[in-house]
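Trainee: Build the full structure now, drawing on both the sequences and the hints.
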Amino acid sequence: MARIRFLRFCFLLFLLAILIRLFYWQVIRFDDLTIRAESQHLSTSTLDAPRGLILASDGSILAANKPTFLLFANPKLLEDKKEAAKKLAAVLEKDESGEILAKLRDDLSWVALQKDLDLEVKKEIEELNLAGVGFDSQSRRYYPEASSAGHILGFVGADSLGRQMGYFGIEGFYNGELKGSGGVLAEEKDARGLPILMGRFLKKEPQSGYALTLNIDRTVQHLVEKKLKLGMEKYGAKVGSVVVMEPKTGAILAMATFPNYDPNNFTEFPKESYKNPIVASSFEPGSTFKVLVMAAALNEDLVKADTKCDSCSGPVQISGYSIRTWNNKYQEEPTMTDVIVHSDNTGMVFTARKLGIDKLYKYIEDFGFGALTQIDLQDESSPDIRPKEEWREIDLATASFGQGVAVTPIQMVRAVSVIANGGYLMEPQVVREIKMRDRVKRIEPKVLSRPISEMAAKVTVGMMVEAVEKGEAKYLAPKGYKVAGKTGTAQIPIAGHYDPNKTIASFVGFAPADDPKFVMLVIYNQPSSSIFGAETAAPTFFEIAKELLLYYNIPPSN
Amino acid sequence: MACPCKVDMKRLKQSEEKTPKKTLKVIRIGVVIVAVFLFLEIWLVNNLSTFGGKIQQIKNAQAVVKLENQVLENRIAKNTSLNNVEEEAARLGFGSAKNLVYLKTSLVASAR
Chain A
6 MARIRFLRFC FLLFLLAILI RLFYWQVIRF DDLTIRAESQ HLSTSTLDAP
56 RGLILASDGS ILAANKPTFL LFANPKLLED KKEAAKKLAA VLEKDESGEI
106 LAKLRDDLSW VALQKDLDLE VKKEIEELNL AGVGFDSQSR RYYPEASSAG
156 HILGFVGADS LGRQMGYFGI EGFYNGELKG SGGVLAEEKD ARGLPILMGR
206 FLKKEPQSGY ALTLNIDRTV QHLVEKKLKL GMEKYGAKVG SVVVMEPKTG
256 AILAMATFPN YDPNNFTEFP KESYKNPIVA SSFEPGSTFK VLVMAAALNE
306 DLVKADTKCD SCSGPVQISG YSIRTWNNKY QEEPTMTDVI VHSDNTGMVF
356 TARKLGIDKL YKYIEDFGFG ALTQIDLQDE SSPDIRPKEE WREIDLATAS
406 FGQGVAVTPI QMVRAVSVIA NGGYLMEPQV VREIKMRDRV KRIEPKVLSR
456 PISEMAAKVT VGMMVEAVEK GEAKYLAPKG YKVAGKTGTA QIPIAGHYDP
506 NKTIASFVGF APADDPKFVM LVIYNQPSSS IFGAETAAPT FFEIAKELLL
556 YYNIPPSN
Chain B
24 MACPCKVDMK RLKQSEEKTP KKTLKVIRIG VVIVAVFLFL EIWLVNNLST
74 FGGKIQQIKN AQAVVKLENQ VLENRIAKNT SLNNVEEEAA RLGFGSAKNL
124 VYLKTSLVAS AR
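So the sequences go chain by chain: A and B.
Throughout, my numbering is defined as the position within the first sequence, counted from one, plus 5.
Throughout, my numbering is defined as the position within the second sequence, counted from one, plus 23.
Hints were generated in silico from the structure; no laboratory data involved.
Virtual Cβ for every residue (Gly too), placed ideally from N, Cα, C.
Any given hint could turn out to be false.
Claimed, not checked - Computed list of lysine-lysine pairs in BS3-like fashion (alpha-carbon distance at most 30 Å, straight line):
#	chain 1	residue 1	chain 2	residue 2
1	B	Lys101	A	Lys440
2	B	Lys89	A	Lys479
3	B	Lys89	A	Lys194
4	B	Lys121	A	Lys209
5	B	Lys127	A	Lys71
6	B	Lys82	A	Lys551
7	A	Lys120	B	Lys89
8	A	Lys92	B	Lys121
9	B	Lys101	A	Lys446
10	B	Lys121	A	Lys484
11	A	Lys128	A	Lys71
12	A	Lys446	B	Lys82
13	B	Lys121	A	Lys231
14	A	Lys99	B	Lys101
15	A	Lys128	B	Lys82
16	B	Lys89	A	Lys128
17	A	Lys551	B	Lys101
As the list claims (entries may be wrong) - Chain B is faced by these chain A residues, among others (derived, beta-carbon under 8 Å):
#	residue
18	Leu38
19	Asp63
20	Gly64
21	Ser65
22	Ala69
23	Thr73
24	Pro149
25	Asp195
26	Leu199
27	Arg223
28	Thr224
29	Pro561
Mentor: Below, the structure is given as structure tokens:
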């Protein structure tokens with residue numbers, strides 16, 4: 006009996022030990038083991054959101070997404086590394102397989118061999134049936150028009166955490182709208198990694214980025230780039246820029262600069278080329294600025310088109326400086342129209358003196374200079390206008406013909422569009438609409454202010470038409486059309502003085518003058534064939550303008 | 024006096040003989056039904072366990088088709104780019120218009 010009791014006691018002790026152990030695993034270690042079990046059969050993956058498309062005004066694609074693949078290998082699973090490296094090198098078009106072989110070291114379980122592979126290359130590698138080789142899906146931004154509109158679009162790179170991020174242009178400004186938001190998929194999988202139908206399934210759908218439709222007209226953009234490129238070769242300029250804007254709405258129809266870069270391969274270009282000079286570089290506008298000063302004086306009713314200048318028969322002396330005309334030729338009592346037609350600096354000094362520093366400064370600000378235009382491109386900057394308190398009479402005089410005042414090309418073209426559209430300062434806009442998930446948001450034209458009256462604008466237009474018909478560029482104007490324009494040749498300030506041999510040659514204008522469809526500014530920085538705007542920027546302007554008048558089906562008025 | 028609670032033993036024996044047969048029949052039918060459901064469940068669960076593979080195949084096929092669509096869209100975009108169109112147009116002998124005449128109503132003669 007005693008032995009039976011002892012045996013019974015041992016069994017009970019053993020049972021107690023089992024119960025204690027079960028309690029330990031099922032109660033005390035419950036949370037930890039549950040997590041480990043879930044991690045084994047619950048698979049969680051992130052679902053990348055496709056970046057939104059960027060479309061031209063006709064719906065054609067300017068920026069899309071290209072599926073690419075990262076080729077990786079598990080060296081431990083590769084039987085014949087030399088053979089595998091040789092086969093891969095052949096497909097990847099490498100001269101030697103040594104580079105690939107060096108990566109396939111025995112001590113690694115995962116090694117990246119090549120990134121940004123196309124789908125066709127991936128299929129070729131899959132046909133090799135190499136064990137231990139796999140692919141990670143990636144996505145890369147693709148610009149089918151290559152370098153066309155590169156400065157407008159910007160590019161997509163990686164941020165400090167390796168996530169896709171837009172830089173410069175539209176990609177940078179609208180990065181938040183374009184990037185979308187990623188999703189998550191959590192599902193139970195069996196031992197083979199296949200999903201269990203009746204298992205747990207949690208999915209958060211990725212939200213694609215919004216698609217943007219631009220005001221950019223693909224045909225106009227292509228035409229502008231073609232003509233600008235030809236002009237760069239012909240006139241030997243360091244930098245050339247053209248911007249075309251619709252004056253009534255502020256819509257940017259085209260914008261081009263050379264040298265430019267291809268956003269598909271932005272890393273192969275110098276970083277200096279990423280900046281869009283049209284919104285981020287400043288220049289002294291020279292004689293193109295005269296039309297704005299004249300419009301201001303007309304608006305103040307200080308002068309009329311036929312007001313005569315009684316101090317324009319020779320150079321004007323101010324504070325020890327001598328203000329001369331560009332060709333040192335002077336007229337006896339030229340009218341204000343003559344002053345614009347012949348680009349008479351002395352006549353502009355006469356006009357500016359009537360305005361005075363206070364009024365001229367106010368109109369410079371009213372025309373949008375010294376402040377950002379708020380164009381929807383990343384990296385816009387604006388040069389400051391020297392404080393009014395620091396202005397002297399000589400500054401008033403030089404500002405009247407566009408020297409001593411720094412502007413950006415987008416500020417300049419927008420200011421001239423005020424004259425073209427009857428007096429309204431518009432916000433320049435590149436994007437026309439944003440296609441969201443459930444609606445389309447249209448970006449409406451925005452009137453910021455009205456610096457001048459319709460009458461002042463109309464009179465200024467008349468002067469600019471005469472400047473084209475009777476000025477240095479009269480032989481270039483298209484027959485039968487009324488084109489309003491003004492040439493500009495501004496000396497470049499270098500180390501405290503102006504270099505007479507280095508200029509910024511420009512031409513700004515719009516057509517048809519009575520109902521303008523477009524305003525355009527052409528700038529050549531340091532053209533070598535000629536320093537004058539009439540001989541470089543003006544011909545390019547009229548070549549583009551002729552094509553635009555044809556493209557927009559605008560018949561000649563005469 | 025005979026007890027009124029006395030049961031007819033003969034009838035009781037007969038009923039006792041009938042009851043086991045009925046019960047057995049019910050039990051047999053029950054077992055068959057349970058067995059059928061058991062096999063049905065095993066068959067369904069087995070099918071479900073392999074469905075994951077089919078679903079994964081469909082997902083993979085869908086992903087491949089989506090990728091190919093994207094590649095084709097990009098190819099269309101590249102082929103219709105204006106640089107490409109201009110080259111093709113030149114190759115096909117197209118050129119820009121040289122002499123243009125805009126027709127005004129005064130220049131057009133018509134007869135009814």
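Trainee: Now, for every hint given, state plainly whether the structure supports it.
Mentor: Hints, one by one, checked against the model:
1. A distance of roughly 23 Å separates the Cα atoms of Lys101(B) and Lys440(A); the hinted pair therefore holds under the 30 Å criterion.
2. Between the alpha carbons of Lys89(B) and Lys479(A) the distance comes to roughly 57 Å, so the proposed pair goes past 30 Å and is violated.
3. For the hint linking Lys89(B) to Lys194(A), the alpha-carbon distance of about 24 Å falls within 30 Å, and the restraint holds.
4. Between Lys121(B) and Lys209(A), the direct Cα distance comes to roughly 59 Å. Violation of the 30 Å bound is thereby established for this hinted pair.
5. A threshold of 30 Å between alpha carbons decides the hint, and for Lys127(B) with Lys71(A) the separation of about 50 Å lies outside it, so the pair is violated.
6. Pair hint Lys82(B) plus Lys551(A) does not hold up; C-alpha atoms about 55 Å apart against a cutoff of 30 Å.
7. Distance restraint check for Lys120(A) and Lys89(B): the Cα-Cα separation of roughly 20 Å lies within the 30 Å cut-off, and the hinted pair is therefore satisfied.
8. Distance hint between Lys92(A) and Lys121(B) is unfulfilled; the C-alpha atoms sit about 56 Å from each other, more than 30 Å.
9. Between Lys101(B) and Lys446(A) the alpha-carbon distance is near 28 Å, which keeps this suggested pair within the 30 Å criterion.
10. The suggested pairing of Lys121(B) with Lys484(A) holds, with an alpha-carbon distance near 14 Å, which does not exceed 30 Å.
11. Between the alpha carbons of Lys128(A) and Lys71(A) the distance comes to roughly 16 Å, so the proposed pair stays at or under 30 Å and holds.
12. For the given pair, Lys446(A) sits about 34 Å from Lys82(B) by alpha-carbon distance, which is inconsistent with the 30 Å threshold.
13. Restraint check for Lys121(B) and Lys231(A): the C-alpha separation of about 18 Å stays at or below 30 Å, so the hint holds.
14. In summary, the hint linking Lys99(A) to Lys101(B) is supported, as the alpha carbons are separated by about 26 Å, within the 30 Å threshold.
15. With a C-alpha separation of about 18 Å, the suggested pair Lys128(A) and Lys82(B) falls inside the 30 Å cut-off, and the hint holds.
16. Restraint check for Lys89(B) and Lys128(A): the C-alpha separation of about 15 Å stays at or below 30 Å, so the hint holds.
17. The suggested pairing of Lys551(A) with Lys101(B) holds, with an alpha-carbon distance near 28 Å, which does not exceed 30 Å.
18. Here the hint on Leu38(A) is broken, as its CB sits about 24 Å from the closest CB of chain B, past 8 Å.
19. A hinted interface residue such as Asp63(A) counts as satisfied when its beta carbon comes closer than 8 Å to some beta carbon of chain B; here the least separation is about 10 Å, so the hint is violated.
20. The interface hint given for Gly64(A) is broken, as the beta carbon of that residue sits about 11 Å from the closest beta carbon of chain B, more than 8 Å.
21. The beta carbon of Ser65(A) is positioned within 8 Å of a beta carbon in chain B (closest approach about 7 Å), and the interface hint is therefore held.
22. The interface hint given for Ala69(A) is met, as the beta carbon of that residue sits about 5 Å from the closest beta carbon of chain B, less than 8 Å.
23. Interface hint status for Thr73(A): violated, as the beta-carbon distance to the closest one in chain B is roughly 10 Å, over 8 Å.
24. With a cut of 8 Å, the hint placing Pro149(A) at the interface with chain B holds, because the nearest CB-to-CB distance is about 4 Å.
25. Against a cut-off of 8 Å between C-beta atoms, the interface hint on Asp195(A) holds, since the closest Cβ of chain B lies about 6 Å away.
26. Given hint, Leu199(A) at the interface with chain B, holds; its Cβ is 4 Å from that chain's nearest Cβ, closer than 8 Å.
27. For Arg223(A), the shortest C-beta to C-beta distance to chain B is roughly 6 Å, which falls under 8 Å, so the interface hint holds.
28. Interface hint status for Thr224(A): upheld, as the beta-carbon distance to the closest one in chain B is roughly 7 Å, under 8 Å.
29. At about 6 Å, the closest approach between the beta carbon of Pro561(A) and any beta carbon in chain B falls short of 8 Å, and the interface hint on this residue holds.
Violated hints, listed in ascending order, are 2, 4, 5, 6, 8, 12, 18, 19, 20, 23; each of the other numbered hints is respected by the structure.
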